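Chain order of the listed sequences is L and C.
So in numbering that gives the first Met the number 0, the last one in the first sequence is 164, and the numbering has no gaps at all.
So in numbering that gives the first Met the number 0, the last one in the second sequence is 164, and the numbering has no gaps at all.
Honestly, the hints are just simulated from the structure, not real lab data.
Watch out, some of these pointers could steer you wrong.
[What the hints assert, rightly or not] Selected chain C positions facing chain L (Cβ under 8 Å, derived; list incomplete):
#1 Met18
#2 Gly19
#3 Lys26
#4 Ala33
#5 Ile35
#6 Ala57
#7 Cys61
#8 Leu64
#9 Ala71
#10 Ile73
#11 Asn75
#12 Val89
#13 Gly91
#14 Ser143
#15 Asn145
#16 Glu149
Nothing here was measured: the structure is a model prediction, and the numbers come from that model.
Quick reminder that beta carbons are idealized off the backbone N, C-alpha and C, glycines included.
Protein chains: 2
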Amino acid sequence: MPPIVCIVGRPKSGKTTLMGRLIPELKRRGYRVATIKHITHRFDLDVPGKDSWDHSQAGSECIILSSPHNVALIENVDHDLSPAELARFVTGDFDIVLAEGFKKSDQPKIEVHRRDIGELVCLPQGLMAVVTDEPLELVVPQFSMNDISELADLIERNILGKCLR
Amino acid sequence: MPPIVCIVGRPKSGKTTLMGRLIPELKRRGYRVATIKHITHRFDLDVPGKDSWDHSQAGSECIILSSPHNVALIENVDHDLSPAELARFVTGDFDIVLAEGFKKSDQPKIEVHRRDIGELVCLPQGLMAVVTDEPLELVVPQFSMNDISELADLIERNILGKCLR
Numbered sequence: 000m001p002p003i004v005c006i007v008g009r010p011k012s013g014k015t016t017l018m019g020r021l022i023p024e025l026k027r028r029g030y031r032v033a034t035i036k037h038i039t040h041r042f043d044l045d046v047p048g049k050d051s052w053d054h055s056q057a058g059s060e061c062i063i064l065s066s067p068h069n070v071a072l073i074e075n076v077d078h079d080l081s082p083a084e085l086a087r088f089v090t091g092d093f094d095i096v097l098a099e100g101f102k103k104s105d106q107p108k109i110e111v112h113r114r115d116i117g118e119l120v121c122l123p124q125g126l127m128a129v130v131t132d133e134p135l136e137l138v139v140p141q142f143s144m145n146d147i148s149e150l151a152d153l154i155e156r157n158i159l160g161k162c163l164r
Numbered sequence: 000m001p002p003i004v005c006i007v008g009r010p011k012s013g014k015t016t017l018m019g020r021l022i023p024e025l026k027r028r029g030y031r032v033a034t035i036k037h038i039t040h041r042f043d044l045d046v047p048g049k050d051s052w053d054h055s056q057a058g059s060e061c062i063i064l065s066s067p068h069n070v071a072l073i074e075n076v077d078h079d080l081s082p083a084e085l086a087r088f089v090t091g092d093f094d095i096v097l098a099e100g101f102k103k104s105d106q107p108k109i110e111v112h113r114r115d116i117g118e119l120v121c122l123p124q125g126l127m128a129v130v131t132d133e134p135l136e137l138v139v140p141q142f143s144m145n146d147i148s149e150l151a152d153l154i155e156r157n158i159l160g161k162c163l164r
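Sequences and hints are given; from them, build the entire structure.
Quick look at the structure:
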């Protein structure tokens with residue numbers, strides 16, 4: 000199972016922005032990246048011709064759709080799964096899972112902080128880094144939203160076990 | 000990995016109808032059923048607030064969405080996966096995978112036949128049963144679309160390894 004890193008922070012702190020910069024940087028370095036996003040409401044697949052294949056109406060609790068370009072799976076669950084529980088769905092050949100949210104998880108976390116949004120939500124448990132727009136009195140490494148290369152170095156070193164020069 | 004049975008047949012032969020009857024019958028008998036459907040075109044998830052989490056735009060090749068009610072996964076692939084390849088996505092505690100389509104698969108197959116649609120497409124390789132609206136000169140077991148209980152008996156005996164009275 001690939002290692003998991005959670006990108007946490009208050010709403011509007013910039014978690015999605017960081018995900019959007021970190022994913023391509025890790026890909027550029029040759030890693031295969033899977034991602035997890037938590038959503039509070041039930042969702043659904045919207046696929047052309049859905050009525051003709053909707054096995055969920057017949058009671059299937061795990062539905063897989065396969066095309067030549069992508070595969071989708073929807074499975075019913077009875078509780079909010081943790082990132083570690085969700086990682087079991089990652090069965091392909093991936094090097095790392097980036098999870099957006101999950102601030103209560105016990106996985107390594109990177110918190111995104113903005114001065115005008117409020118204090119850190121995860122301090123100090125399990126924070127491996129903070130991405131911040133102001134200097135903070137912390138012992139954990141701090142980066143700006145533009146320090147993506149340095150943050151990726153840290154992830155490679157601490158999570159992916161790579162020896163960097 | 001749970002065993003796979005493919006429900007095959009010509010277009011409009013009644014594959015989806017059979018799936019819709021077989022799934023609840025197997026569930027009634029206590030089995031957990033996963034299903035696979037092949038689709039020829041690329042598809043997408045349509046989730047409220049999609050723009051805010053679309054990790055695929057950032058290059059994620061495996062995206063997992065988690066809610067308290069269901070989990071979805073979308074993964075990019077570079078070819079049409081076989082039912083056996085698709086079964087790796089079934090990581091939960093399921094007893095059987097019913098795949099709709101995949102007539103060229105080497106998994107056990109049940110073909111749905113209708114007199115006015117045309118000849119069987121899978122005869123005779125790997126057919127464990129035929130669901131038909133006319134008697135056919137075949138050595139494989141034949142059922143009508145209403146013989147769901149008898150067909151489920153056959154699946155339990157031949158695929159799920161259950162000794163029935």
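Hints and how they fare:
1. Interface restraint check: Met18(C) against chain L, minimum CB-CB distance 6 Å, threshold 8 Å, status holds.
2. With 8 Å as the threshold, the beta carbon of Gly19(C) comes within range of chain L, its nearest partner Cβ sitting at about 4 Å, so the hint holds.
3. Annotation: Lys26(C) was flagged as interfacial toward chain L, and the flag holds, the nearest CB pair being 5 Å apart, inside 8 Å.
4. The beta carbon of Ala33(C) comes within 4 Å of a beta carbon in chain L, closer than 8 Å, and the hint placing it at the interface holds.
5. Annotation: Ile35(C) was flagged as interfacial toward chain L, and the flag holds, the nearest CB pair being 4 Å apart, inside 8 Å.
6. Look at Ala57(C): its Cβ gets to within about 4 Å of chain L, closer than 8 Å, so that hint holds up.
7. Because the beta carbon of Cys61(C) sits about 4 Å from the nearest beta carbon in chain L, less than 8 Å, this interface hint is met.
8. For the restraint placing Leu64(C) at the interface with chain L, the shortest Cβ-Cβ distance is roughly 5 Å, inside the 8 Å limit, so the hint holds.
9. Proximity of Ala71(C) to chain L holds as hinted, the smallest CB-CB distance being about 5 Å (cut-off 8 Å).
10. With 8 Å as the threshold, the beta carbon of Ile73(C) comes within range of chain L, its nearest partner Cβ sitting at about 5 Å, so the hint holds.
11. Restraint check, Asn75(C) versus chain L: the minimum CB separation of about 5 Å is within 8 Å; hint holds.
12. Contact between Val89(C) and chain L, as hinted, is supported at the beta carbon level, the nearest pair being about 6 Å apart and thus within 8 Å.
13. Taking 8 Å as the C-beta contact cut-off toward chain L, the hint placing Gly91(C) at the interface holds, the least distance being around 6 Å.
14. Hint on Ser143(C) is violated. Least Cβ distance to chain L is approximately 19 Å, over the 8 Å limit.
15. Interface restraint check for Asn145(C): the shortest CB-CB distance to chain L comes to about 16 Å, outside 8 Å, so the restraint is violated.
16. Checking Glu149(C) against chain L by beta carbon gives a least distance of about 19 Å; that is not within 8 Å, so the hint is violated.
Hint check: violations occur at hints 14, 15, 16; the rest are consistent with the structure.
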